[in-house]
Amino acid sequence: MKKSLSKQDFLRFLDNLISDDTLDVFGVKAKGKRFVFAPLESSSELRLDYDVTILPPKKFFLPQYETLLKFDVSRNSVSHKLDGKTRVVVGVHPYDIVALQQMDKVYFNSYVDRFYKQRRENTIIIGSDILNVSDRSFAASMGTHVVSSGYDLLVTDLGDTVVVDVGSEKGRVLLEKHTSELRDVSEKEVKRVEELRAALPGKYKRSLKVEKERWREVLGNSYDHPLWKELSEKCLQCSSCTMVCPTCYCFDVKDEVSLNTVDGVRVRTWDGCLLPDFSKVASGEVFRKEKSERFRHRFYRKGLYLPERYGFVACVGCGRCAIACLPDIADPLDVINSLVERKSEAEGVLRFSIPESKAAAEETDYLPRNAVIKRMEKLTEMETLFELEMEDGEPLVYEPGQFVEVSVFGVGEAPISISSPPQKSSSFELVVRRAGNVTSRLHSMRVGDRVGIRGPFGRGFDVKALEGRNLIFVAGGIGMVPMRSLICYVLDDKKREDYGMVTVLYGSKTPQDVLFMDEIKEWEKKSDVTVKLTVDTCPEGVCWDGCVGLVTSLFPQVRWKDVENTVAVVVGPPVMYKFVIKCLHTMGVRDENIYVSLERRMKCGVGKCGHCQINGVYVCKEGPVFNYSEIKDLPEAFS
Amino acid sequence: MSKPRVAFFDFASCEGCELQVANLEEEVLDLIEIVDVVSFREVMKEHSDDYEIAFVEGSIMRPMDEERLKKIRSNAKVLVAFGACATIGGVNKIRNQWQPDEVLKEVYGDADLEGNEFFDVFKTKAVDEVVKVDYYIYGCPPPREEIKKVITSLVMGKKPDIPNYPVCVECKKNENVCLFELGKFCLGPITRAGCNAICPSNGRACDGCRGILSEPDTRCVEDILERYGLTYDELKHRFTMFNYGREEEK
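One line per chain: the protein sequences are A and B, in this order.
Residues 1 to 639 in this note's numbering are what the first sequence spells out, letter by letter.
Residues 640 to 889 in this note's numbering are what the second sequence spells out, letter by letter.
No lab work stands behind these hints, which were simulated from the structure alone.
Treat each hint with caution, since some may be false.
To be verified - No farther apart than 25 Å at their CA atoms in a straight line, the calculated lysine-lysine pairs in the BS3-like style are these:
1. A/Lys291 to A/Lys632
2. A/Lys33 to B/Lys823
3. B/Lys823 to A/Lys29
This is chain A alone, in the form it adopts within the complex (with noise of 0.2 Å):
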């Protein structure tokens, strides 16, 4: 439906929304020779000629600083608010709008992120045809400058009449609602806003030498070009590209403490995936350490990953990284474009599919429940075991493999994975390594304080996949941690019968760093279980009679039989996978046969943050478990 209002009216309807005390709006204002989208204060503020804004609009529904909750640590209590006013943001332009819209797949898809649904609900977007082409924009190349979706109403400014097209209720509702003086539209000015809209195209002056369907086939097959290297050497390593960008939404998590060291904010920010520690883990290792990957990243986010898995380039051509970049090296169009020029430099095939993911399509507020520490027991130096159990007496329903979001309230939150069986009481038990602020915290507390607790989150083993198999569990330092979850569920007498031969190969630093010894010594004892543990190193007077090597000279210790029949579980430090799946594939194992538990850097633990991504696949979602032959082509995996 499209009416049409003169352009003073038009201006009269804006003062009228900005004089309703029920509405916050904002739009486009200048600032300096740039635009921003801000608080309007008089119609006569707006400006509808411009060419881009500094920030996307995605401000307004993942702001750059946002409080996810309030805490008080002395009694270990949470509470939050979601905003609530309606707000009309007017002027946002169509790649904006189909920026937005890509938004939404993400942020509604499961789990669904509620203050962003919230915000969204709540904000009316006014949308506006380009009048003036931003000189870095290739909105015309990538289809997003025109849209005929994704907005309540959409503006298009004659000069003299703005004509209004009415997208949605709400949008129809806004705009009878504060004015009176609508028309219906003319044939001639629809006439004319089409030839404004057919006429935009040629006022770009740069284009893609190449459809955006095809970004996919260019970037699969450029994993390794030499311009990755070249153009990251120029690099700053600022983020300034991933902050203006209206698709690039990763945010940190971080708790803040006022002077009185009890109250307290849980923020998230917009973090960025060129900055060095974006993948930091607390451990210090940093899973995407080149400069060159971090910059090569951003272009397969964008042009690969995404489209992969929701189907959209998630790039809209704004141009705004492009202004941002000081160097000058962040355009994609620049990038797409030698790419496809430089073809016969290209190198590095990059294949991947995206596995599948229980997570459920259910909404989440990040907001932890309590858990009540019942049980402490010190098993190392460095690791101690904790029993909890959910205060509200609902217990935790999940699987071996998978993993929970531990918060300190003042300290942070932090990805443990479950070590206790499934099967167990309403109890479950994690193992926590002290290496951050949060664990180190942790390993301080006492029997009856209480901890957050968000999730289970991920996709556990797939205990039905291994039933009628026998199976080596091969694990490398507290990789057993998420391990014994799942021997003791199939070592548990009521399911022992579902599974064949069991084999255990165990690698730890020193004898002290063995985990679990009583009851690895009563798996010993089962005659249809073999243990066999090495240590890399036993100090002088440690008495010690497993063997001293790495875990993979265990292997030629054990004698095989029916190969064919065998699924192995690797679950240890990132350096062990590939020899133990070269020991694996000498002995026969079929990579099918093959599962891992990868660690990543997680902060929201639903597949949003970002932080967590082998290339395109989120370990947080998809695994941490995973079939080898599901990511074993995914250069970031096993590097």
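With the hints as your guide, set chain B onto chain A.
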């Protein structure tokens, strides 16, 4: 739980960092609820050498400073370098462009300084060039929010979370017009954030008072200078202010 005992010390500096603590105003009451301040020359007369946490402001210029700093280090369990002069040398390192005797001559002319230990100076050092530093509070002066964050972190027994990314991140979040577009050479892209981009947000190019995070590639610098019509001298000038000794690496 007894409160940690905290002491503040200053070396070559303007004492503005300590003033930031004094300027917490009514929040000082919250501060002394969580720590015992046992020495703080700027705001109190009492002094004790019995402290766990030492905040050290200022640069180290003389043998007598070194001696005093080492004593502070041995008294404290935790030593925090406090402010630009302490963390990176800051403006005091501008003087390192010349030899110490040239500087004395320039400032004091023919005055007889022989044997006067107050004027026995060497090249400016940051605190960690003399003793081990456990934590750093950056900036000239450090933001009060960051001072509070570090103190609460130490009291709560956690490692303070100081940004390891550049000012651009905060500047972009504040939606500023990039100062390069306004023809100014800004060190924001390579300077440690944590100041909420206070200078660029107020139209002033970043001087790098929180220290340089990464060394940009030379070709990148050339490209930037050319794109924005800037000169190498402007870059050098920016670096000299707080990071003298760093720009030679470029």
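Going through the hints against the structure:
1. A/Lys291 to A/Lys632: holds, 23 Å
2. A/Lys33 to B/Lys823: holds, 15 Å
3. B/Lys823 to A/Lys29: holds, 23 Å
Every hint from the earlier list agrees with this structure, and none is contradicted.
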